[in-house]
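A.B. asks: Spelled out from the first residue to the last, the chains are:
2 protein chains.
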Amino acid sequence: MAGKDRVASFNISKFSPPGIVNLDIGDPTIFESYWRKMGEKSSLVISGNQFLSYFSDSKNECWYLESKLEDEIKRLHSVVGNASVEDYYVVVGTGSTQLLQAALYALCPDDGSNPVNVVSAVPYYSSYPELTDFLRSSLYKWKGDARTYDEGGPYIEFVTSPNNPDGSIREAIVKNGQGKLVHDLAYYWPQYTPITSCLGYDIMLFTLSKCTGHAGTRIGWALVKDKDVAKKMAEFNTITTIGVSKESQIRAAKILDLVSDSCQNPGPDNFFKHGQSLMAERWEKLRKVVGQSGLFSLPQYPKGHCLFTGEFSTEAHPAFAWMKCNKEDIDDCEKFLRGFQIVTRTGRRFGSDPKYVRVSLVGKEEEFELFLERLLAIQEDF
Amino acid sequence: MAGKDRVASFNISKFSPPGIVNLDIGDPTIFESYWRKMGEKSSLVISGNQFLSYFSDSKNECWYLESKLEDEIKRLHSVVGNASVEDYYVVVGTGSTQLLQAALYALCPDDGSNPVNVVSAVPYYSSYPELTDFLRSSLYKWKGDARTYDEGGPYIEFVTSPNNPDGSIREAIVKNGQGKLVHDLAYYWPQYTPITSCLGYDIMLFTLSKCTGHAGTRIGWALVKDKDVAKKMAEFNTITTIGVSKESQIRAAKILDLVSDSCQNPGPDNFFKHGQSLMAERWEKLRKVVGQSGLFSLPQYPKGHCLFTGEFSTEAHPAFAWMKCNKEDIDDCEKFLRGFQIVTRTGRRFGSDPKYVRVSLVGKEEEFELFLERLLAIQEDF
Chain C
1 MAGKDRVASF
11 NISKFSPPGI
21 VNLDIGDPTI
31 FESYWRKMGE
41 KSSLVISGNQ
51 FLSYFSDSKN
61 ECWYLESKLE
71 DEIKRLHSVV
81 GNASVEDYYV
91 VVGTGSTQLL
101 QAALYALCPD
111 DGSNPVNVVS
121 AVPYYSSYPE
131 LTDFLRSSLY
141 KWKGDARTYD
151 EGGPYIEFVT
161 SPNNPDGSIR
171 EAIVKNGQGK
181 LVHDLAYYWP
191 QYTPITSCLG
201 YDIMLFTLSK
211 CTGHAGTRIG
221 WALVKDKDVA
231 KKMAEFNTIT
241 TIGVSKESQI
251 RAAKILDLVS
261 DSCQNPGPDN
271 FFKHGQSLMA
281 ERWEKLRKVV
291 GQSGLFSLPQ
301 YPKGHCLFTG
311 EFSTEAHPAF
321 AWMKCNKEDI
331 DDCEKFLRGF
341 QIVTRTGRRF
351 GSDPKYVRVS
361 LVGKEEEFEL
371 FLERLLAIQE
381 DF
Chain B
1 MAGKDRVASF
11 NISKFSPPGI
21 VNLDIGDPTI
31 FESYWRKMGE
41 KSSLVISGNQ
51 FLSYFSDSKN
61 ECWYLESKLE
71 DEIKRLHSVV
81 GNASVEDYYV
91 VVGTGSTQLL
101 QAALYALCPD
111 DGSNPVNVVS
121 AVPYYSSYPE
131 LTDFLRSSLY
141 KWKGDARTYD
151 EGGPYIEFVT
161 SPNNPDGSIR
171 EAIVKNGQGK
181 LVHDLAYYWP
191 QYTPITSCLG
201 YDIMLFTLSK
211 CTGHAGTRIG
221 WALVKDKDVA
231 KKMAEFNTIT
241 TIGVSKESQI
251 RAAKILDLVS
261 DSCQNPGPDN
271 FFKHGQSLMA
281 ERWEKLRKVV
291 GQSGLFSLPQ
301 YPKGHCLFTG
311 EFSTEAHPAF
321 AWMKCNKEDI
331 DDCEKFLRGF
341 QIVTRTGRRF
351 GSDPKYVRVS
361 LVGKEEEFEL
371 FLERLLAIQE
381 DF
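Going down the list, the sequences are from chains C and B. For the first sequence, the working numbering begins at 1 and goes up steadily by one. For the second sequence, the working numbering begins at 1 and goes up steadily by one.
Isolated chain C (complex conformation):
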């Protein structure tokens, strides 16, 4: 089962001798230096008598949502301009991972006789198949690639934009008229891609991990248009975890507050501009190394007018490199790179060709530099 692979990814570093560069997981430690520099103003104090109650705001459909977090989520989207918040319900989750499952639960009828088909276009985020199928639910079932899906009847399509693993901007594929869409917008932030429009889809998912780098905080949020869907998503989070850590919620509120404030700043303290220059620098270095030979290739991205920076010709700098090995006799790029102590995620996990791998570009600086060194050495050998 696919779940094994994913969990193996999280346990992989225990088998990693110091020489291995692990770029399998998108562990967003690249932003750590920014937060270190912020110093005390980014600190949070929690006193012993806080958060004894399960409840935050029992008037809200999402009864466990801290109102301060709701306010900061809405404020940040308004500042960045990436998603509409007016007339949307906010549902918070333990990472957007929990919300993906909550959306499946909310969009499937309780009493359906057949499981609803779940699809996403190849290459799709490697976790979709496993989080859909690992409990063998009769409510929904993974059906694979949206591009080849041609059944009638109800379905759910995950639309990831920018896409994980390949950074492309996407729209829904299937058009049989009976679909429900879940837009996974984890990477729709200015450090990764130009913000070309303010999105207003039915269900839009975001996560603190990829927005500010706080992956350990496990906070995701959904902007949901329909009240009953929002309510049922909150119901899922109630049944599975009786809400979401309040410590994480107020920490996320604090971090988002600082990020929104920083957007007033034209200099390097502007979080997204800082992030954008970090990502641009890594992509520039990577493209230079890959350009040394024809052994590997990388996607090209169209430039766009970014509403956030106001710049007309902004490049995308995705969190992952979707790298192809062009050598004919190398069918399995992941295996090939592993031979050089570089751990990546095989294209197979994304429903795609094993000639591709996904490489995390959001890890620690020293890991990234070591990766470049090795990539250079490999190319010299071949």
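Keep in mind that a hint or two might mislead.
Treat identical chains as interchangeable: a pair holds within one or across any two.
[Claimed, not checked] 25 Å max Cα-Cα, derived BS3-like pairs, lysine-lysine: (1) K59 x K324; (2) K68 x K364; (3) K335 x K59; (4) K254 x K41; (5) K303 x K327; (6) K59 x K364.
Just so you know, the hints here were simulated from the structure itself, not pulled from any lab data.
Here the structure of chain C is known, so what remains is to put chain B in place on it, guided by the hints.
C.D. replies: Below, chain B without anything else, positioned relative to chain C:
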């Protein structure tokens, strides 16, 4: 579906005019005054650059577990003497609710042709049916009362001790030789019941909510004997939420540290002795009011030798009162009490008789006092 009821419980206070006393949910705010009194020494500071990574300790089977939390969990069990920790694996979850599901996932074969039956003795914790069945998994299926269960083949039994709702001390019921047990020990702490022995079951679940009162923190933990089971439980938490909030984990570590320290103290700063006197006081008041007439009755508990306090004749003071209405023409005690603006949870939700209700005794002082007042008034009327 039962899930509706549960979620309704969490949304109920939105429909509660100020006059309603809501004792449906066991929201453990009774301990707030203790934590307020602890003041600054119970405060925690989190800086902006903490917890960017998903990982805590990649050498641990539970790779997202903060080692400080693991240490404090083991220390507290050693101080209290309620459960063995030597040679046990610690798996942390987003509340013990997530761990109940993780245990089901870990104990069922991936490739079983039939769902494994899940049972618990009536009256059972009202969430078991819904968290087993809400996704209509083919791995496991709720089968109800363990006492009447007589099928062969594999099964899983939830053993809750002290039991929620009725506070009784329990052991496994079904004995067909093919069962796996999950011991839910959320209330096996000195404020609720004498600690009569140090337990050493295969899977033992605990939660910060009921131990220290920090329900909003959403931290539960499992002590697991078998390495593969521990690993598969951590796998469940990886797939569903990619681990557990690190803010909550270090907060829980801090709180447990203070509780263990306080156990050295013979006075009212000893957390469990303080909790015990609070619970004893409420039970004494409640028994006095209920004793005014024969309209209601409450369970009696045997006294026991508490290894923690060293006292030979310690009474149990459960977190909930399992209250029976003895009046012949009142079949539905929950409905009857609701007529007097007292919201409780019907016995029906626990697989039991609607003549019973579960009443939370761990809420705010003013709510408890209002409950007693109304109970007294009801008895005077009847």
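A.B. asks: Compare the structure with each hint and give your call.
C.D. replies: Status of the hints after comparison with the structure:
1. When the C-alpha separation of K59 and K324 is checked against a cutoff of 25 Å, the pair qualifies neither within a copy, at 51 Å, nor between copies, at 32 Å.
2. In this assembly of identical chains, K68 and K364 lie within 25 Å of each other by CA distance solely across copies; the values are 24 Å between and 31 Å within a copy.
3. Proximity of K335 and K59 under a CA criterion of 25 Å is satisfied inter-copy only: 24 Å between copies versus 53 Å inside one chain copy.
4. For the homomeric pair K254 and K41, the shortest alpha-carbon distances inside one copy (10 Å) and between copies (22 Å) are both at most 25 Å.
5. In this assembly of identical chains, K303 and K327 lie within 25 Å of each other by CA distance neither inside one copy nor across copies; the values are 29 Å within and 77 Å between.
6. With identical chains, the CA atoms of K59 and K364 are at most 25 Å apart between copies only, with a shortest distance of 19 Å across copies and 42 Å within one.
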